[in-house]
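So the protein lines, in turn, are chains Z and Y.
Numbering of the first sequence is given in our numbering, commencing with residue 1 and proceeding in unit increments.
Numbering of the second sequence is given in our numbering, commencing with residue 1001 and proceeding in unit increments.
Derived by calculation from the structure, the hints in this document are not laboratory data.
Treat the hints with care, since some could be wrong.
Here are a few chain Y residues that sit away from chain Z, every Cβ distance over 12 Å (derived from the structure) [to be verified]:
hint	residue
1	Arg1130
2	Ser1139
3	Glu1145
Here are some of the chain Y residues that sit facing chain Z, going by a computed Cβ distance under 10 Å [said to hold, decoys possible]:
hint	residue
4	Asp1069
5	Gly1075
6	Phe1092
7	Val1096
8	Phe1098
9	Asn1156
10	Gln1159
11	Tyr1195
12	Ile1205
13	Asp1235
14	Ala1348
Bear in mind that the values here come from a model prediction, so they are computed numbers and not experimental data.
Think of the CB as a built atom: it goes at the ideal place given N, C-alpha and C, for glycine as much as any other residue.
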Amino acid sequence: MKKDEVSAVHTRREVLRFATVSAVGLALSGGGPAADPVTRGVGSPGALRSAGVLAFGPDDVLFVGDITSAAVHALALRTTDFTSQADVELGNFHNFEGRDLVQGLDQKLAALFGTTYDKIVVNDMALHQPSQQIFISVERGRSTDALPAIVKVNHGQLEVLDLEHIPHSQVGIPGEPDDKAMLEFDTQRSFAITDVKYYKGEIFVTGISNQRFSSTLHRIPYPFNAQMATCTVEIWHPVHGEFETRAPIIRQLIREVQGQPYLFAVYGCTPLVRFPLASLKDGAHVHGDVIGELGYGSNPLDMLTYTDPFDQKEYLLVTIDVRSASRIAMLDLATAKPEPTGGSIDFGPGGLGRTQRLLPIRAEHFAILNTKWAVEVQRHPKTGYRLDISSLAMPYFFERRDGMSEMNWPDGPDPFHYREHRNELSRGGA
Amino acid sequence: MRPVNTLPTNQPQLMIESDPTRPGSRCVSIRNLGPDLMAFLRSCQETARLLQTMLRVRVIGVERPGDDDLPDVFGLHEVVETGVRFIPHFPFEPGVHFCAIFDPRQLDRPERSEVLTLEFSLPRDRRPTRTGVTRVFPSCDSLPENLLRFYVCFPNAMQRGGAQEHITLLGPDGRPAPDVLYSPPVELWDRSMRYLTILLDPGRIKRGVGPNRALGPPLKVGQEYTLAIGSGMVDSAGRRVESFYKSFRVTEAVREPILLRQWMMLTPSTKSHQPVELMFPRPLDWALLGQSVAMESEHGELIDGQISIDQGESRWSFTPQSHWASGPYRIRVARGLEDVCGNSLLGAFDRPLRSAADLAREVGGSDSISFYL
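Just chain Z, same shape as in the assembly:
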């Protein structure tokens, strides 16, 4: 309803102040939003206290990393929790034109949650197949009073997932190994979960501690079962054949290449590494094979694979915060000679550089939707602050609407025949 359409309106425009009453109310509750205990929608104790990294698992399970609880939750979503987005218009694939699927995501989330856009934090995005529905993890508030939610996009509208009725289980992240009844500072320690991935009956959880410079990777069986042991691995990074240092993993990806399962990971100090999955055994101290470098000052954001619709090859894609994304052919990653324990790696045209290519992606969150389209959460390039969810055509991940080109003029040159294909539209199903 727009206000100007309304006929008989009786409007009370006083801004009501509740100074006395609310002061009493706040005093009763212990003062301030931080004292508010469990919020509606989050349900019983043990439920979500923060909403960070997201990953889909088998049978429509959504894993959510919860740093505040030091836990990973498994939300067993039901068929009623999904709506197919197959008919959503994605754009014009031939002409590299995507669509804004949600404009002003942060502004809309702020309106939905009764706050201002600066209090909204979008932590991660995951895509569900086969519905192609976008799920995001959100927090309202940036302090100890932050309230978590999982929000999904339904044909451009935002819907809050009702967590109270979703079957749910969770597992605590094993504490730091020196955790034996030390002292009262325990609440000061935190483990920032950086990634959760599911593979064949287990979840792989990585993170960074706020104290020890630790490098643990946890392999936890799913379904969660108190009897089954968590496997904890220390990740080390060999340098120059002389040294080794601890290396927290920021993002990971598990894929079979030539029949063998590998875990590909990006370290906080920028190397891209691979591990044969079999080497990640409980109690092990494992070196990753360095097979790439992201360049100084950059942070990896997302890591995923996709098949190039033009050459049909599979590629690993790493999106980075301050640089262009990097892509490398998967086959090369499996066969690439790792950095020998001495010397520097060959990233030149004769080595991995042969297929490593930079791509112009500036997304804060990124995922592959189908064979031709990806989805990104990005700051709109023209305004710089508005957060949008947009589609992006593969394999160049190039958005023609963001730039100016000669084809925009009716009499300009059109070597790629954009004008002929002007009216073609892709939808989610394609």
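Fit chain Y to the known structure of chain Z by using the hints.
Same frame as chain Z, but now just chain Y:
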């Protein structure tokens, strides 16, 4: 609780009330709908949808993205005694302007066709305008070239998201040194969000890794740097931080493990309340010192008392609750204890390469220092 300018009581009234499900929070109600309308609502099948169009709350006074409308505030609708109540999913945020709308037109009832609106906002707490940084660790003003991290301590819970922009390391020329501080994917706050871990770029500290080859180590020996914490850092109540600066001079790198045999210990007299003191040849990590060193009896029971860390994190002392009985004691030190460069009891941060094959996970376990009173 009555709003100003009350309408006659047989008319519907939009009101802000206490949320019965959440102490200290508010909800919005429309009351005095009349028995006919209440009976109709109670008998409806699809009430949820109807209630959502009938009673809505929106954030107002904010910009709309492009051509789109902003969604209504999300929450739960309930039919109550004389009307309908809306409880927001997350409590209404103080300082935000809302408009509650009662729009009965979709109900298609002749007796109720008037739309009512009510604008409201909840007051923010009055607060002093500024907060500050209490301490930065390591507290020394000479720090080694391969320093790994700082801890920045605040008096109250802070808001996340400001570290990359508002915390910088100024170089010898007084300008921000580029690519020196690491931005982790999630800011490294403790649970109370009162202290923040700032890492220097491990890629530059680790000898031989790409960023180290390209740019060299983050700090240069002999030069002076300043960690600057700017007023853009804001606490949970919205108070800005007074700018804070910690200057230090850079000394040679330290690349060796922590050796217990290099520690000095001062033991107390029996039957006294004097502290036992450990002194280290170089400063250790403030946060880990508080966690990794424990005073125990011979049989491993923790002894009640007070720990203090001072002298630039080079001294750890323990003062017992009761006076010392004579007998054997031990101080247990976790092997994961680190110094300011990340060197631990187990090895240097950059330590000699070992074969990956058969090494068990070695963090875990501790060493002891025994003494007898």
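Hints versus structure:
1. Arg1130: Consistent with the label, Arg1130 (chain Y) stays out of reach of chain Z, its closest Cβ about 17 Å off (over 12 Å).
2. Ser1139: Ser1139 (chain Y) clear of chain Z: closest Cβ-Cβ about 17 Å, beyond 12 Å.
3. Glu1145: Check passes; 16 Å lies beyond 12 Å.
4. Asp1069: 8 Å, holds
5. Gly1075: Hint on Gly1075 (chain Y): holds, closest Cβ of chain Z at ~8 Å, below 10 Å.
6. Phe1092: 5 Å, holds
7. Val1096: 6 Å, holds
8. Phe1098: 7 Å, holds
9. Asn1156: Asn1156 (chain Y) check passes; min Cβ-Cβ to chain Z is 9 Å, inside 10 Å.
10. Gln1159: At about 4 Å, which falls below the 10 Å cut-off, the nearest Cβ of chain Z leaves the hint on Gln1159 (chain Y) intact, so it holds.
11. Tyr1195: 7 Å, holds
12. Ile1205: Holds, because the Cβ-Cβ distance from Ile1205 (chain Y) to chain Z comes to roughly 8 Å (cut-off 10 Å).
13. Asp1235: 7 Å, holds
14. Ala1348: 8 Å, holds
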